[in-house]
Amino acid sequence: MRIGFFSDIHGNREALDASLAHAGKQRVEKFVFLGDLVGYGADPVYVVERVARLVEEGAFAILGNHDEAAVSGVGDGMNEYARAAIEWTARQLDGASAAFVRALPMSAMDDDRLYVHAEAQSPKSWNYITETMGAERSMRATEARVTLCGHVHRPQLYHMSRTKPPGFFLPQAGTPIPLIGRRKWLAVMGSVGQPRDRNPAAAYAVFDTSANELTYQRAPYDIEKAAAKIHAAGLPQMLAARLFIGR
Amino acid sequence: MAKGELEPGSDIDGFLVGEKIHTGGMATLWRVTKPDIEQPIVMKVPMIQEGDDPTVIVGFEMEMMILPRLAGRHVPKFYAMGDFARQPYLVMEYIQGYSLYSLIQKAPLPSDEVARLGAKVARAIADLHRQNVLHLDIKPSNVMIRDGGSAALIDFGLSRHLMLPDLLEEEFRVPMGTGPYIAPEQVMKNRSEPRSDIYSLGVLLYYLATNVRPFGLPSAQSQLRKRLWRDPVPPRQLVPAIPPWLQEGILRCLEVEPANRYDTAAQLAFDLSHPEQIELTARAQKTRRDGLPVSFKRWLKSKADNAGPVQPARQTNLAPIIMAAVDFTEGQEALAEEVLVHVKRVLAIMPGVRVACVNVLKLGRLTVTSTLDEDGRSIHVRRLVELKEWARPLGLDQAHVTFHVLEHMDPADALIAFASSNSVDLVLIGAGATSRFRRYLGSVAAQVVGRAGCTVTVVREPRGAQETTDVDEALIDTG
Chain A
6 MRIGFFSDIH GNREALDASL AHAGKQRVEK FVFLGDLVGY GADPVYVVER
56 VARLVEEGAF AILGNHDEAA VSGVGDGMNE YARAAIEWTA RQLDGASAAF
106 VRALPMSAMD DDRLYVHAEA QSPKSWNYIT ETMGAERSMR ATEARVTLCG
156 HVHRPQLYHM SRTKPPGFFL PQAGTPIPLI GRRKWLAVMG SVGQPRDRNP
206 AAAYAVFDTS ANELTYQRAP YDIEKAAAKI HAAGLPQMLA ARLFIGR
Chain B
63 MAKGELEPGS DIDGFLVGEK IHTGGMATLW RVTKPDIEQP IVMKVPMIQE
113 GDDPTVIVGF EMEMMILPRL AGRHVPKFYA MGDFARQPYL VMEYIQGYSL
163 YSLIQKAPLP SDEVARLGAK VARAIADLHR QNVLHLDIKP SNVMIRDGGS
213 AALIDFGLSR HLMLPDLLEE EFRVPMGTGP YIAPEQVMKN RSEPRSDIYS
263 LGVLLYYLAT NVRPFGLPSA QSQLRKRLWR DPVPPRQLVP AIPPWLQEGI
313 LRCLEVEPAN RYDTAAQLAF DLSHPEQIEL TARAQKTRRD GLPVSFKRWL
363 KSKADNAGPV QPARQTNLAP IIMAAVDFTE GQEALAEEVL VHVKRVLAIM
413 PGVRVACVNV LKLGRLTVTS TLDEDGRSIH VRRLVELKEW ARPLGLDQAH
463 VTFHVLEHMD PADALIAFAS SNSVDLVLIG AGATSRFRRY LGSVAAQVVG
513 RAGCTVTVVR EPRGAQETTD VDEALIDTG
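So the sequence lines, in the order shown, correspond to chains A and B. With the working numbering applied, the first sequence covers 6 to 252. With the working numbering applied, the second sequence covers 63 to 541.
Since the hints were made in silico from the structure, they are not lab data. There may be inaccurate statements among the hints.
[What the hints assert, rightly or not] Quick list of in silico lysine-lysine cross-link-like pairs, DSS-like style, CA-CA up to 30 angstroms: (1) K348(B) <-> K363(B); (2) K251(B) <-> K169(A); (3) K359(B) <-> K288(B); (4) K365(B) <-> K169(A); (5) K35(A) <-> K129(A); (6) K450(B) <-> K424(B).
[To be verified] Have a look at the derived ranges for each label pair, beta carbon to beta carbon: (7) S215(A) <-> A133(B): 16 to 22 angstroms; (8) P225(A) <-> R407(B): 29 to 35 angstroms; (9) S357(B) <-> L175(A): 37 to 43 angstroms; (10) G80(A) <-> R407(B): 56 to 62 angstroms; (11) D475(B) <-> T168(A): 55 to 61 angstroms.
Quantities reported herein were computed from a predicted structural model and do not represent experimental measurements. Beta carbons are placed, not taken as given, at the ideal position from N, Cα and C, and that holds for glycine.
Using the sequences plus the hints, can you model the full thing?
Next up, the structure:
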């Protein structure tokens, strides 16, 4: 089974469509959405509806902090751009979309894999995993052999044996990585809709369960169009500008 | 069945276990058979003892990551593996041949034999590096010479795949390698340097040529560090019969700074295959170890060097070997000049390039061709002179250019064989007049394009104005 993992789409329709088309060419049979369907981008309803259809067909979808804020109100810890986008997004979501988002789970187990948006020890705290300590906390909090998450907008891979601190690896797109041996793995997806690793192409990943290989992928998309929509919607200009440079 | 305890007759995932053929420090090797596999195969099983020795486990994990991703005759072919959840194992080809370890008793070996073996191992290392893998434990017992003559590298337990996570990096705080063979940068815990394998091969060649290990049999950490500042006794001091070119090659491999070694294993293989063209430097003439002041300076530097984290990078070949095939037939002068222009362009973007200038001296099929011209001069020598004259405008020093006149009945065969046996990365070859006849019946260039294993650039004579076709109208951008 080849499973595609998509995180942090953030209402970017062009990036989502390009990623799903790219994943189709990678023979992806099952889809997992790791949170933050909305926020920042100009097409939250389209993204929620498309994901909801895929969930009806068997896909997994997990709640992200922007999803939660859009349906339950903005908490602390969001910057002014995020806050402006969330308030705008909340006004866009109709009843059905809001209900779908509100019903999303915090995490899900699938075979030996854990799906969660942020660090797994306390998912509701929305902690970022940016270094080995956070990764270790997350891996120790679960029995799952492989954790797949998002939230950081930069692709990362951690691995940890029973006795030693975790190792960090900066994955390169297109190279299958065997998640081998008697160790735990934690894969942080990049962002589909707002990459911040200086590569503007949409980031996602494919896990092949029979080969036990994870491949990070990049899908180029029509950034001009996504940015023009952000301008047209009256969202902060910076949210459009950063798409071009992937930061 | 307890993990790691196999018995002849057991069945593991359809593999019938036969006799145990080797017990090493970390693993055992068993002959196995499976009905659908005709080739002789072995099963490698890690020896996991009480307390989960991490070295054994992680080394085996690395091998499980790397071996299935390797291909070619310079590694054992991978067949199957079993996970740690049940019974960890790797099934691979049983290599028929002999281990380089068996040659150690016969050391010192004659110099041409050392060079021949060294070229084989260097070619195997080059092939591994092309697949983004560093072996990092090159030593006699990890090199097999196949019955067919080529070298195969075994045991990837300390290896590094530059595109995959390095499980060993985080596990251990001590240098990993085999004491006598480990490169200085490995002592400093750098596991990302392809030229570490060249250093270890240098140790191996030194040992084969002299029957002496250049850095002895170090056991303690401090003894490992000594190679950062103390240079080995020059091989010719131990065995005066060793020619200067071999000492040059070995000592260049053993340079403390990777940048002072061969840039690539392919270049080392090239030099060992063409010893007469090795550029001799002060290394070749060295008669004793460096004096105290030089060693002391290196000692200070070794203290100051602080191996920071090294960014893994894709193993790109920054110092490729290009082959310029030059034809001096009358009427081809302009084409030869154009090949030169293209060599210059390659040099402009890749200054580390090595250029092998090749000319084929075509022999007659039926008659014994005279190798002397009308004036009684050797045609071979004359061609060499012409080649050197042709390459002079490139302004390359001896370390970056070599000259080869190949005597052969079939020029295409000769060029393709040369490119293959010398790990050439790029061939530049001229294609003669573009008559229909030549185009369809296959020029030498066309045959080289069709059969060479590397990239080939076909160079044409500069086009005359009358030959250009106006195609703009056919290529209107409809976007």
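Tested hints:
1. K348(B) <-> K363(B): It holds: about 22 angstroms lies between the C-alpha atoms, which stays within 30 angstroms.
2. K251(B) <-> K169(A): holds (17 angstroms)
3. K359(B) <-> K288(B): Answer holds: K359(B) to K288(B) is near 13 angstroms, not above 30 angstroms.
4. K365(B) <-> K169(A): With a Cα-Cα distance of about 28 angstroms, the restraint between K365(B) and K169(A) holds, given a limit of 30 angstroms.
5. K35(A) <-> K129(A): holds (26 angstroms)
6. K450(B) <-> K424(B): Judged against 30 angstroms, a Cα distance of about 19 angstroms means the pair holds.
7. S215(A) <-> A133(B): 16 to 22 angstroms: holds (21 angstroms)
8. P225(A) <-> R407(B): 29 to 35 angstroms: Cβ of P225(A) to Cβ of R407(B): about 30 angstroms, so the range 29 to 35 angstroms holds.
9. S357(B) <-> L175(A): 37 to 43 angstroms: holds (39 angstroms)
10. G80(A) <-> R407(B): 56 to 62 angstroms: holds (60 angstroms)
11. D475(B) <-> T168(A): 55 to 61 angstroms: Cβ of D475(B) to Cβ of T168(A): about 58 angstroms, so the range 55 to 61 angstroms holds.
Checked against the numbered hints above, the structure breaks none of them.
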